[in-house]
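S.K.: Given these sequences and hints, build the entire structure.
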Amino acid sequence: MLQTKEVGYWYKNEQEILYKNVNLEFQRDKMYAILGASGSGKTTFLSLIAGLEVPKAGTILYNGKPLTKIGLRNYRKNDVSIIFQAYNLLPYMSALDNVLTAMAISSSKQPDKKAYALENLAHVGIDEILAKKKVTELSGGQQQRVAIVRALCCDHELIVADEPTGNLDEKASKDIVQLFKKVAHEGKKCIIIVTHEQEVAKACDKVYELKNQVFESIN
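Residues in the sequence shown are numbered consecutively from 1, following the UniProt record's numbering.
Be aware that one or more of the hints could be misleading.
What the hints assert, rightly or not - Derived lysine-lysine pairs resembling DSS-like cross-links, with alpha carbons at most 30 Å apart: (1) K69 - K114; (2) K188 - K5; (3) K132 - K181; (4) K5 - K182; (5) K65 - K134; (6) K5 - K114; (7) K30 - K211; (8) K171 - K133; (9) K65 - K12; (10) K20 - K114; (11) K114 - K65; (12) K20 - K211.
Everything labelled a hint here was simulated from the structure, so no lab data went into it.
M.R.: Rendered as structure tokens:
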């Protein structure tokens, strides 16, 4: 589904390299973790596979086609949902409207979008009363859950998440990870989670650890 071929990235020059010759594959029906310490380049890798940045070397392919041929804007609109560490919610909208807006932009085929959005928000502890509040009235943890549901409710087959459990307590974190797993396995989606949390990584089907500029498979 998603493949990196000889991908490399550096900042100003190759002496500031984050990694090179990265060859990884990601399939549907599976949940992946990109594990690594802060500053290792995990978030930059997520930006590359999400089509937010372009690798300095190599190619990223989605369903066999280079992202540059698909068009990065088209790829982000039609194929990939991104869960940002900073949430990136629309502050003047309610939690529900944030989800519905994303569904509209991605041309979701759900017949009753409002009911579907409310059902998924409820799964993560955002009831209808909270769902109708502006997101600025919600706690950081609640906003994080809204951002997660917003991504899951789109019809995209690929979901990438940057530290999605970072602001959640232990129980909420476990619930979100289980929801991701269900969406991947039952919804036939590919979910890639960037994390530094070992417990989150352990719940994934496949783990790649980024260490010393190299991605290693550790399971």
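S.K.: Within a Cα-Cα threshold of 30 Å, do K69 and K114 meet the stated pairing?
M.R.: violated, 34 Å
S.K.: Taking only the CA atoms, is the gap from K20 to K114 under or equal to 30 Å?
M.R.: violated, 44 Å
S.K.: Taken at face value, is the distance from the CA of K134 to the CA of K65 at most 30 Å?
M.R.: Violated - the C-alpha atoms of K134 and K65 are around 39 Å apart, more than 30 Å.
S.K.: What's the verdict on K171 and K133, does the C-alpha distance respect the 30 Å limit or exceed it?
M.R.: holds, 24 Å
S.K.: Would the hint linking K65 and K12 be met if the CA-CA limit is 30 Å?
M.R.: holds, 28 Å
S.K.: Take a quick look at whether K30 and K211 sit within 30 Å of each other, Cα to Cα.
M.R.: holds, 23 Å
S.K.: Within 30 Å, alpha carbon to alpha carbon, are K132 and K181?
M.R.: Cα-Cα ~27 Å, so holds.
S.K.: CA of K188 to CA of K5, is that 30 Å or under?
M.R.: holds, 24 Å
S.K.: Take the C-alpha atoms of K20 and K211, compute the straight-line distance between them, and say whether it is at most 30 Å.
M.R.: Given pair K20, K211 holds - Cα atoms ~12 Å apart, limit 30 Å.
S.K.: Holds or violated: are the alpha carbons of K114 and K65 at most 30 Å from each other?
M.R.: violated, 34 Å
S.K.: Measure nothing beyond the straight line between the CA atoms of K5 and K114; if it is 30 Å or shorter, mark the hint as holding.
M.R.: violated, 40 Å
S.K.: Straight-line Cα separation of K5 and K182 no greater than 30 Å?
M.R.: holds, 29 Å
The structure fails hints 1, 5, 6, 10 and 11 (numbered hints given earlier, in ascending order).
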